[in-house]
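Below, each chain spelled out in residue letters.
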Amino acid sequence: MFRYIVRRLLQMVLTFFGATFIVYALMFAVQDDPIQALVGERPITASQRAALTERYHLGDNFFAQYWYYMKGLLTGDFGTSMTNRKVADMLADAWPVTLRLSLMAIVIAATIAILAGVVSAIRRGSIFDNATLVVTLIVLAMPIVVIAPLAQLVFGIKLGWFPVTAGKDASLWQLLLPAGVLASLVVATELRVTRASVAENLRADYVRTARAKGLTGARVIGVHVLRNSLIPVITLIGVDLGALMSGAIVTEKVFNIPGVGFNLFRGIRTEDGPLVVGFVSVLVIVFLVVNLIVDLLYAALDPRIRYE
Amino acid sequence: MSDTKSRSLSSDAWHDLRRNKIFWIASVLVVVVLLMAAWPSLFTSADPRDCVLSRKHAGATGGAIFGYDFQGCDVYAKTVYGARYSIVVGVFATLISGVIGLGFGLAAGFFGGWLDAVLSRFIDVMLGIPLLLGAIVLAKRLSADPASNGVFAVTVTLGLLGWTTAARVMRSSVIAAKNQDYVAAARMLGAGNSRLLFRHILPNSMASFIVVLTILLGINIASEATLSFLGIGLKGDAISWGIAISDATGYVRVAAGPLIWPSLFLAATVLAFIMLGDAVRDAFDPKLR
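Protein sequences appear in the order of chains A and B.
If you count the first sequence from 1, position 24 lands on 24 in the UniProt record's numbering, and the numbers rise without skipping.
If you count the second sequence from 1, position 102 lands on 102 in the UniProt record's numbering, and the numbers rise without skipping.
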């Protein structure tokens, strides 16, 4: 176990430097004139140009610039946006909203996925099972740019069941529809994995033993089967986070929620390069850390897993 | 198999596919979208760029069965013409990903050893960047030229970022194939590496690779729409479902049609490719027999 953790941490360091390097290289690769982009349309004098070049280390070579960027990331300095606000401050403002939204989405997705997944696994081949398969296929194929505006149109405007937009300091009720939209991105895969792993475990010897001992069906399913079936579902959380992040950009824009995704969207639209790079870097780091935690959790939860 | 005639895996799969309803629904949808992309004038005689502001948000009249959008353009014509760039970006991005994935997968799977270790670590690193986040940074840079309509930038972006799954699948099928007896037999007969790779291993590893690419095609079409929605995909005079959806979200209270139709076409297209991939995978997967 200890060796696994050490190996996983070393891998993480490699992935961390590799991924940030790629993000930085992508940004650096086709750059034309960042100073002109910074000052906009106005002409710029040679001395101003020299000062800006000095300030942003633009005269240095690629690797030196990457080094400054990494130093910033590691010390919590994510750069300054074009509007002259610190990216770190903007993140601190936006983070709580997005965190609440995505936690709600994860809870909604997990509840639906586990309930429906267990039922379809127990009644394989039933109408419910087949209907779930069709619905998950359709949900799987719906891009976020289709789900978010259509959900707003149908449930917010036409039916009036939910608030149409959320805005700042949104209540849980206002966040419910956007959270449901986000949940739809991950619920289909989670449901299918739950169904497959419950169906597999139902045939296991320990389930037969539990039944033979005279345990009730609810206890066999709820305690014995579910506990073992949820392990593969947990590993999905790490992968799902990537989908949630991408989904949050569109969802927060559509529902007007001032979270991380909304800021990123505004940064893209206003061509605010430093803001976009700062936000993307932080999101990539969060993604990597969560995946590391999920992997370690997986190893701790499943005693059968021994990595050598 | 009750048949006395022996069949290859692919003809067996084809036999299965022919009786699969989902396969036929998906194929018909794909053919319709491809026709729409190639010859949009087959479906509409209206010009999608013929926009008159006085028709803003007008209802369905005459040829415009879906009504008009906020600029007074025919929503039906615009939706039909939107198929072209979706397909162009989707197909070419998938081809780029396919070539990269094929190269990485073949090299890592066939040669193994340190090359495999290096390539697999590189794939791990690529997987550390969620697709859309990488695409935002790259597409923003590539599409800096204001004169371009962004088709090239989006295609290259999605192609360069989306190959990891294809490479992994190729690698594992190559590893499975190279340990088969027929490969050992061919090697004993004196076949060189390239003959082994391209005559024996590759043809037997293609099935799941093609399935992954079919599904990737659907994902790429969805990603193109998402990038266009965010304003870093197609732009300028390009007609795209993503742009249409993005424009329509500002006016949903006034007119829902301009939002609904491109959304439905986009969802149906993505669904068609994913269903097609699913159906082909089921047919090729011997475990489901």
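Just so you know, the hints here were simulated from the structure itself, not pulled from any lab data.
Please note that a few of the clues may not be correct.
[Said to hold, decoys possible] SDA-like mimics (lysine to any residue), calculated; alpha carbons at most 20 Å apart, straight line:
{"hint": "1", "chain 1": "B", "residue 1": "LYS21", "chain 2": "A", "residue 2": "LYS158"}
{"hint": "2", "chain 1": "B", "residue 1": "LYS235", "chain 2": "B", "residue 2": "GLY72"}
{"hint": "3", "chain 1": "A", "residue 1": "LYS158", "chain 2": "B", "residue 2": "GLY72"}
{"hint": "4", "chain 1": "A", "residue 1": "LYS158", "chain 2": "B", "residue 2": "LEU264"}
[Unchecked claim] A short, non-exhaustive set of chain B residues, derived as facing chain A with CB atoms under 7 Å:
{"hint": "5", "residue": "LEU95"}
{"hint": "6", "residue": "PHE229"}
{"hint": "7", "residue": "ALA255"}
All residues carry an ideal CB built from backbone N, CA and C; glycine is no exception.
Hint by hint, here is what the structure shows:
1. Simply put, LYS21/B and LYS158/A have alpha-carbon atoms about 34 Å apart, too far for the 20 Å limit, and the pair is violated.
2. A threshold of 20 Å between alpha carbons decides the hint, and for LYS235/B with GLY72/B the separation of about 19 Å falls inside it, so the pair holds.
3. For the given pair, LYS158/A sits about 23 Å from GLY72/B by alpha-carbon distance, which is inconsistent with the 20 Å threshold.
4. Taking the CA atoms of LYS158/A and LEU264/B, the gap is about 17 Å. The hint holds against a cut of 20 Å.
5. Because the smallest distance between the Cβ of LEU95/B and any Cβ of chain A comes to about 21 Å, over 7 Å, the interface hint for this residue is violated.
6. Because the smallest distance between the Cβ of PHE229/B and any Cβ of chain A comes to about 5 Å, under 7 Å, the interface hint for this residue holds.
7. Checking ALA255/B against chain A: minimum C-beta separation of about 11 Å lies over 7 Å; hint violated.
In this structure, the earlier hints numbered 1, 3, 5, 7 are contradicted, and the remaining ones agree with it.
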